[in-house]
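Student: Generate the whole structure from the sequences, applying the supplied hints.
Listed below, chain by chain, are the residues.
There are 4 protein chains.
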Amino acid sequence: MAFFSDLMATLFERRPASPPGPSKRPISELCEALLSSQGEISGVRLARDILSHYRAMSLDERVSFFQHLAQDLDLDPVAVAEAAAKYGTTRSPEDLYRLCREAEPRRQELLRRLNQAPGATEELVRMRLDLLRLVPDTPRLRVIDADFQHLFASWFNRGFLVLRHIDWRTPANILEKIIEYEAVHAINDWHDLQRRLRPSDRRCFAFFHPAMPEEPLIFVEVALCKGVPGSVQALLAEERETESAFDTAVFYSISNCQEGLRGISFGNSLIKQVVEELKRDLPQVSRFVTLSPVPGLARWLKELAPQRPEAEALLRAEEPAAIKALADDLRKLTAEYLLKAKRSDGLPVDPVARFHLGNGALLHEIHALADISPNGLRQSRTAMVNYLYDLEKVEQNNESFVTERKVAASKQAHALLMQGQTTGRKQ
Amino acid sequence: MAFFSDLMATLFERRPASPPGPSKRPISELCEALLSSQGEISGVRLARDILSHYRAMSLDERVSFFQHLAQDLDLDPVAVAEAAAKYGTTRSPEDLYRLCREAEPRRQELLRRLNQAPGATEELVRMRLDLLRLVPDTPRLRVIDADFQHLFASWFNRGFLVLRHIDWRTPANILEKIIEYEAVHAINDWHDLQRRLRPSDRRCFAFFHPAMPEEPLIFVEVALCKGVPGSVQALLAEERETESAFDTAVFYSISNCQEGLRGISFGNSLIKQVVEELKRDLPQVSRFVTLSPVPGLARWLKELAPQRPEAEALLRAEEPAAIKALADDLRKLTAEYLLKAKRSDGLPVDPVARFHLGNGALLHEIHALADISPNGLRQSRTAMVNYLYDLEKVEQNNESFVTERKVAASKQAHALLMQGQTTGRKQ
Amino acid sequence: MAFFSDLMATLFERRPASPPGPSKRPISELCEALLSSQGEISGVRLARDILSHYRAMSLDERVSFFQHLAQDLDLDPVAVAEAAAKYGTTRSPEDLYRLCREAEPRRQELLRRLNQAPGATEELVRMRLDLLRLVPDTPRLRVIDADFQHLFASWFNRGFLVLRHIDWRTPANILEKIIEYEAVHAINDWHDLQRRLRPSDRRCFAFFHPAMPEEPLIFVEVALCKGVPGSVQALLAEERETESAFDTAVFYSISNCQEGLRGISFGNSLIKQVVEELKRDLPQVSRFVTLSPVPGLARWLKELAPQRPEAEALLRAEEPAAIKALADDLRKLTAEYLLKAKRSDGLPVDPVARFHLGNGALLHEIHALADISPNGLRQSRTAMVNYLYDLEKVEQNNESFVTERKVAASKQAHALLMQGQTTGRKQ
Amino acid sequence: MAFFSDLMATLFERRPASPPGPSKRPISELCEALLSSQGEISGVRLARDILSHYRAMSLDERVSFFQHLAQDLDLDPVAVAEAAAKYGTTRSPEDLYRLCREAEPRRQELLRRLNQAPGATEELVRMRLDLLRLVPDTPRLRVIDADFQHLFASWFNRGFLVLRHIDWRTPANILEKIIEYEAVHAINDWHDLQRRLRPSDRRCFAFFHPAMPEEPLIFVEVALCKGVPGSVQALLAEERETESAFDTAVFYSISNCQEGLRGISFGNSLIKQVVEELKRDLPQVSRFVTLSPVPGLARWLKELAPQRPEAEALLRAEEPAAIKALADDLRKLTAEYLLKAKRSDGLPVDPVARFHLGNGALLHEIHALADISPNGLRQSRTAMVNYLYDLEKVEQNNESFVTERKVAASKQAHALLMQGQTTGRKQ
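Taken in sequence, the protein lines are chains E, U, R and S.
Per the numbering used here, the very first residue in the first sequence carries number 128; after that it's consecutive.
Per the numbering used here, the very first residue in the second sequence carries number 128; after that it's consecutive.
Per the numbering used here, the very first residue in the third sequence carries number 128; after that it's consecutive.
Per the numbering used here, the very first residue in the fourth sequence carries number 128; after that it's consecutive.
The hints are all genuine.
The calculated DSS-like cross-link candidates involving lysine-lysine, where the alpha carbons are at most 30 Å apart (straight line), are: (1) U:Lys520 <-> U:Lys469; (2) R:Lys533 <-> R:Lys469; (3) S:Lys533 <-> R:Lys151; (4) R:Lys520 <-> R:Lys469; (5) S:Lys520 <-> R:Lys151; (6) E:Lys151 <-> U:Lys520; (7) E:Lys451 <-> E:Lys538; (8) U:Lys151 <-> E:Lys533; (9) E:Lys406 <-> U:Lys151; (10) R:Lys520 <-> S:Lys151; (11) E:Lys213 <-> U:Lys213; (12) S:Lys469 <-> S:Lys538; (13) S:Lys151 <-> R:Lys406; (14) R:Lys451 <-> R:Lys467; (15) U:Lys429 <-> U:Lys451; (16) S:Lys467 <-> S:Lys533; (17) U:Lys429 <-> U:Lys533; (18) S:Lys406 <-> S:Lys520; (19) R:Lys304 <-> U:Lys304; (20) R:Lys151 <-> S:Lys406; (21) R:Lys538 <-> R:Lys429; (22) U:Lys533 <-> E:Lys151; (23) S:Lys406 <-> U:Lys406; (24) S:Lys151 <-> R:Lys533; (25) R:Lys469 <-> R:Lys538; (26) R:Lys451 <-> R:Lys469; (27) U:Lys406 <-> E:Lys151; (28) U:Lys151 <-> E:Lys520; (29) U:Lys467 <-> U:Lys451; (30) R:Lys406 <-> E:Lys406; (31) R:Lys429 <-> R:Lys533; (32) S:Lys304 <-> E:Lys304; (33) E:Lys353 <-> E:Lys406; (34) E:Lys467 <-> E:Lys429; (35) R:Lys213 <-> S:Lys213.
To be clear about the criterion: a stretch of chain E counts as covered by chain U if any three or more of its residues have a C-beta under 8 Å from a C-beta of chain U, and this derived list gives those stretches: (36) 260-270; (37) 283-292.
In case anyone wonders, no lab produced these hints; they're calculated from the structure.
By construction, the Cβ of each residue, glycine as well, lies at the ideal position given by its N, Cα and C atoms.
Tutor: Take a look at the structure:
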């Protein structure tokens, strides 16, 4: 094992202590050299030069660089069409090769060759992030993104990702990034981080890629509990009782770390692999749920308010205490929102619901007063829900969800819906 | 560093102790499921099933499977042509996306998803090897290879490879593969291997890929010497003097290990990275040469023999001793062969020369009686040559070689050529 | 974890690439310098000098060196006696400190300081081996061994040892030592080694010390079986069926590796830790036995032969086939030998029995025709036995063995003894 | 390398996830069992029981436990005296063995056997710390400390220690201890720690022991500078210029971490090994100095004040600004203090001076206004000094220091002394 683990160390060490300054040649010339046959020989050096050139560029220069990629290194649609026609006739391997070659923009090979430089993968992810930020103002640049996406889908293939346990023994430079990237329940400082990682009822897992070993791609925070929790404040309370008779693992926060990998999805794999990991290490844990926000609820209630006084009442509440008397209504309306509010494509309006239901999870429980923070009150009037991951059923749930737009839900959720609708009708 | 190195261990451990038996569903159905939206959910399991199915197949079944990939999961040339035409007109990002999607055979996505399974990369490399072996009999299958090549070029991108020092402390299962894959000067057994790895004047380096940590991709064996060596037997002699005043590193054997990665070239990068590594560790070593066979020489002499009595004389020699008197002629003819014998594309006939000159090396010295083994006598009448790697000049050499077909050669080589041609003319 | 594992790498790397040549000063002067206060400053360099001096010594010079240690760096018995008397009166801590200081030969501190040099621990173990080999001719030198033993007992304390799984992924330089040190059933070559390590029904474990990471201290080879095996040839047969329904782990070979650590016992701890390890990894394995030789049996039969015709018959057998008819007698006599043949201190004559019974094992089964090799025939007329390690009972067994000299044995063993004695009496 | 590094991981993992509760038997009985032959069998379990018993004890119970060790497990002075007399007569190895056995208190073997339990080394270090804290009130217990010291000197032998680079990639649980143990210039929080570790002109190194891999034993913080620094505030300033043309490494803080290892000295080795490490990694650094406090200066000035008005003036200064005008006097008096103020044994009064001069360093430069913190003003009126480590001269310096009590000092320091004495005389 150890020999193999050393491979990674080598990968990492390859980074140059002090990268050379940018070359004096214009970047388009360097790109051409890298793409030419000459590039095969001096690829690493050229790639390093181009990346170091890029790093030193102003925003305007980056726009020009991307425009160069978009216009001058595009594919030639006429040549593609001809090659396709030819292959349609001959069906010969040679003609397929030609078609594939013609159908790939030259910039894609450029990006592939740039990746030869030490540490390049990380820089290319950042380069795409720059691109994504420029697209709104310069939509034409979006053509380049097809190539980034195609390459990243290959490079960040699930088969190359590595799941790592994150704990208080993890190197500080990684932990620092966990603090930075936490997107759901902010981590304030190192003390707060310690509270998330050190107690015996907490776990954290992240995916890494071998070529970016210091950058987590996505991570999930897990709390071990007795029973299904109905309040995130209770879950994170510092003075909670640390049960040792855990039977439930709660995924209470999932954070994507790399904006530059937008569209390359890891969350589904991460949750499933973590479930398997926990099952192996903690056989006593038999239930795997989330404690998830309902981010679109308040907006939906607002639309509903004119017709439904109980929605309006909920929206009027100025602090959690005021919700208490309305808890039943909140739970019923949340059930209705998650089970009935659909987009034009038939999928739920709520993005978190779409994510977990799309992963094959089931809508399990609905809680009022579950997130009494200002943000919880604002976005969902304190409601939160548990999605349940039952590995035996995720495929079937997912299939029904995808093909029939059917939301898998517990009896409790259906009962709430029924009650709510009855109430709604009565009013 | 250690944290990062652990990532790799995790990668490796992910392999299932006992992989599940093949599923009962037909493989084409499994492939369809993996490609469908359902595949996103249960990808790892489906991929594992398909691969385990594949492993259990007979040769005929594999042919059918590949035919399925070739025919049923191809791209649609008509759709490609239409998408190309559309993009030609609009130049809109959406239309480029559509074109890229249409121009990619569905089997490529299938292979990408198969790679999710633990240990899949290695199996896909083997699958391509099966394919390459079937192509001569079923040329139609070569269409699939375009997809393998495209993916492998991304996956085995230089930026993801890891250089490892191989020595007597390397795990036995890796060393076993070094014995198996050595292609130039066979390693007979473990004792022989030890002689290649253990002495202080020997080095060995290999490239690995993080997802195939137990499989070297290519390796090079290095001997440290005083001066440029002119005999492989002397170089490998067991009783040689172990100089400590080395000034020369000799690459005397380079072996590709993975036939399934044919066409994905690593040798060029390997040599250059090893030169850099050795320069750092052994500052006293200032010269980097090969001691290379001249595999096409005897064949070329045979063609030449009718007109050139000295070639005929060389071909008549039945043992190395007989070459002794003809050593000068042999060296002159070798120079002529390497500098003048060209293919229709203007590149040297000799494949080893093409490889090293194409890497930017220079033809440095030519030796007679340098390989007196039966094989050396047969293929090159005992001649061997040194190619010199001077990192300062490899780019320029390579450029002249590629653009002008110019062979970089030392004065000694040119002098031999001149003498040989003078002799030739006189006769 | 990884951070901590790196510690070891550092330990290892500390060894000098090329140790300096021996200093010109006489070794006794260097030793004096190392022991003086000056030594604190330049200890590492002095220690390295002394060890390199020692390595270069002839046998005679080593004898002189040891004599110097024995005579000139001894304790002073008069000073010890005085300090003891003083402490007897005052019982003051200061006087105890003085007594401890006086009661420690100066050479002990010398050895402790020698250990500062990189790689010194291994060299000191070799130095003691030299000493042990000289003692028979120069018994006076044995005084030094008290100091080696005292230090090694501290340094090689069980708490510092590390259990490692040895398999086909272990570095070749370690495996080479497994071949070299195997003491029970010789490993002929690398192919043979592979057969011991690679099959799924084989395991091997070794103890290492952090300061000698390339030197196993002791190792045990384990075979997984269904049922308790009664033949070592069957156990090691190349074409055996590889059961997967293992229920028994068989320790069929235990080898001490470091003669220089004689008297520092590891075997007991090793077996117990391996039992725990296997229990955790292979819950289906519920029985832990040895398959052990009976090395003293033939000698004992020879003594017995005049009175016991069945012993004489066994001794006459010239090949295993001839034992077949006498198998019952052989098993009865083996039971008698192991249960009744005692040394003057009441412990069994058989050294292997003493080891395992002393560890708390129980004499479980007795087999004839269990080792049909020439050596098996010679030393035990083909008999072998299983000792059973039942962790629940080892303490109690050991206590009875130590305090009452009682041999824990199965009903089968007792029954054989009874039958044998009945037969014996009848004749 | 990797194989060996894994050894450590194993060491570490051995710790039980949940240690068993204390046994019901009284601890003295458990100790007796561990010391008896029975202990050999069940040593690990007994050792674990005793340690877990100890952990659960109240302070009073610990005193009783130590008293048991002191009285009941002591050596027998009469037996020692007899054995010494016998060995004095016979000089036989057997009698030496007997003497050694008698001269070792039984508690020493007990401690050795306790160390078999996983994680025991760390617990024994803590146990000694308990002991050291009890000794002032119960001086009799100090007899036990002889045994702890003897064992720790063997166990923590320089040859077993491991030097580790500490940086921002070090695991958080180790870094947390660096914050906790920093003894010279307090680290306030994680942000402050980052400033000590992350900048390119900072280094930190620590010694670890393989059996306590999560506990640094001692660490040193290093700043890289251009020239010899004369102010700790400037050295630690957040906005300093980060020179890349470093020529000097400054050891500005050395902290012992384990009070339980008091008397086992590591600082000398640490500094020298770090000097060697830095020389190898940063060849441009040619000077190695400390920036050290002068903790006893103010006290000495107070004694001097009656006779020396310039000392009195310095003591009157209420803030650093007031020292400015007196800087010359301060530097002269500091020179006088370090070169002339001696204890009865002839060594300098100043403890920091004793440490560095005893290591073979040279008193290099003396600075006023070098530590303008309240503590710096209080203890040394803002003076600090550089001690210079010149590896070529440390031995010679140390020898003169130890044998002739000679303080190695630069010309500048001697010049200051001369001026000061002249001034002093004049007044």
